[in-house]
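These protein sequences, in sequence, are chains A and B.
Under this note's numbering, the first residue of the first sequence carries the number 1, and numbering increases by one thereafter.
Under this note's numbering, the first residue of the second sequence carries the number 553, and numbering increases by one thereafter.
If you are wondering where the hints come from, they were derived from the structure by calculation, not from laboratory data.
Among the clues, some could well be false.
Straight-line alpha carbon distances no greater than 27 Å define the calculated DSSO-like cross-link-like pairs of lysine-lysine that follow [to be verified]:
1) A/K361 - A/K404
2) A/K404 - A/K439
3) A/K312 - B/K654
4) A/K404 - B/K654
A few chain A residues facing chain B, derived, Cβ under 8 Å [what the hints assert, rightly or not]:
5) G332
6) T351
7) P383
Rough simulated footprint, nothing fancy, chain A against chain B, three-plus residues with beta-carbon under 8 Å [said to hold, decoys possible]:
8) 597 to 607
9) 643 to 650
The beta-carbon is built from N, C-alpha and C at its ideal position, and this holds for glycine as well.
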Amino acid sequence: MRSVERRRFFPYGVAVASFLLATAVRLWIAPGLLERIPFATFFLATIVAAWVGGAGPGALALGLGALTARFGFGVVDTRLTAFVVVSTVVLVLSHVMRNARIHAELAGLEELEARRLAEAARERAAFLSDANIALTASLDYDATLATLANLVVPQIADWCAVDVVEAGDTIRRVAVAHRDLAKTALVDATRVYPSDPEGRHPRTDVIRTGRSRLIVDVTPERLEAMALHDEHLRVMREMGYVSAMIVALVARGRTLGAITCATMESARRYGSDDLALLEDLARRAALALDNARLYREAESARAEAERANRAKDDFLSVVSHELKTPLAATMGWLRVLRSGNGDSQPRALDTIERSMRLQGKLIDDLLDVSRMAAGQLHVDLRPLVLAEAVEAAVDVVRPEAAAKGVRLEVVLDSGGAVVAGDPDRLQQIAWNLLVNAVKFTPASGVVQVRLACADGHAELVVHDTGRGIPAAFLPHVFERFRQAEPVATRGKGGLGLGLAITLHLVELHGGRVDVASDGEGAGSTFTVTLPLATADTAPARDVTSLDQRRPL
Amino acid sequence: VTESGGAHAHRVLLVEDDGDVREALAAVLEHEGYPVLEAQHGRDALDKLRDADDICLILLDLFMPTMNGWAFREAQVKDPAIADIPVVVVSAGADLPRHVAKMGVVAAVAKPIDFDRLLRLVGQYC
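Make a model of the complete structure from these sequences and hints.
Right under this line is the structure:
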């Protein structure tokens, strides 16, 4: 207030001072000189007053000068009139010039301000454009998040954290950036997202509502209100936040997370301009993040589709190969037989019969698998002695093992244990495991079959000393169409369906199959566990696939 | 077309991992008068080719352990001593034309085998 008044009266002070100075000069310094031009000093005083203060002070100086000349020095002639007239003209001119000068100064100031604003807008646009380029440079989700944090610091903030909402609505802090590397230990403490079930921290609200928050002054009271625990408060205090903004990352109507910015060292306070800039940046970042996420999803879907397609192609090749190979042998021998070559007849008939049996088995497996896929594989459960089914399977495999030089060790120690089972399917289970064991065991190897009972369960263990199963393949052993060897170089035939069918059949019987192998060359062990029949499971029943939606 | 009982100076190299198929094919060829040298896979075939200079044609299966048909063919064309021996692919795989497209073989016969066609091819080269 005082300064305003001073500014207002200052020009009049100047007017009075210049008048007094003019009088003093006229009286003491150059009285002789100014005898001839008595108004020269007052004229100058009027001009100075008008230049500094405008028309008012100028008129004051003019009036004081005229009065002093008239009454002080007794000037009454035309010189007084001339002084008043010339001074008035000069006064008016100086007033006009002064106004023009002030206008020009104001215009200059305005231009300066406009330039400053334009510069700020340009910087902002450049920043956002750079940000856009940086954010869209990579379709990698994590890289985009790190880019975002590093864009904000130091341009907008001294510290910045990016949090994303993950599956199950948990929030994970994915990126933190800080201007001052010396504070690393403290900054590291902010790298973990503080759990906030009560929603004390404003960020929780921002993520929930999508509405931005601007905290111009981070006061100690505010810190206390938003602290989630003592350690959190300590860290926040030590970080020394001055001003903060929190903006949600929203893309395509979904809140992906939030970005939190704060100033510390720079002691700068955020305003609505800063918030608008951060919101703009957040919109772009969210879109880039969402694109990265969609790209990642599309990529994995594409890879999965390609894998499935390859598996289908491989399977078709395998089916074609497995079905046509025995046909080729059969056709060859038939041609030899037809040409009347009697010597090779026994050999020809043997091979033809074996080939036909093999094909029948392949066709059975294919039918089983398609029934499994349709959820229409039936088992006809009735009480039966498990050892009998296993023995029947062993008998079928015995010639094959003998021909290959593989020793079969069979211990059926189940004491006539009864399970609710389908006799053909139980035999198929045991047979599949045995055939595999013999197939993958070299000459002079051993295949052990053990059947035992414990805790209401029967356990069938088939162990071989064959090549074993690579650890990486173990989880896929029971998948359809999966074989450890690549299709083009596999040494063993088969469709790769036996174990998938076995697993399904065992599950239809209410049991489970486990596989163990110490790796390649170490043999493998398959264990089938089946519940023993009790009085209430004893009646015969028909079970179809357990759950038709289950992927096979 | 066939030359039953006729003697041929050159042998057919039969590369096939399935014992039954190999035996049946050999029986057919030998019945038609073509001596046969048998190999169980590509590596075996390369070994046997080293000691044999009387091979007029190679009948090659594709899906085999140790060394499959493609790998064999690759090794064969790199070895000037055996690169010129004509190859007929005999395979049960699906989509045979696509599988042999880049192999540079003289023909491909799908299993189950059309023996008349196969014997015509053998007669052409042996």
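Here is what the structure says about each hint:
no. : hint            : in the structure
1   : A/K361 - A/K404 : holds, 20 Å
2   : A/K404 - A/K439 : holds, 9 Å
3   : A/K312 - B/K654 : holds, 22 Å
4   : A/K404 - B/K654 : violated, 38 Å
5   : G332            : holds, 3 Å
6   : T351            : holds, 5 Å
7   : P383            : violated, 41 Å
8   : 597 to 607      : violated (count 0)
9   : 643 to 650      : holds (count 5)
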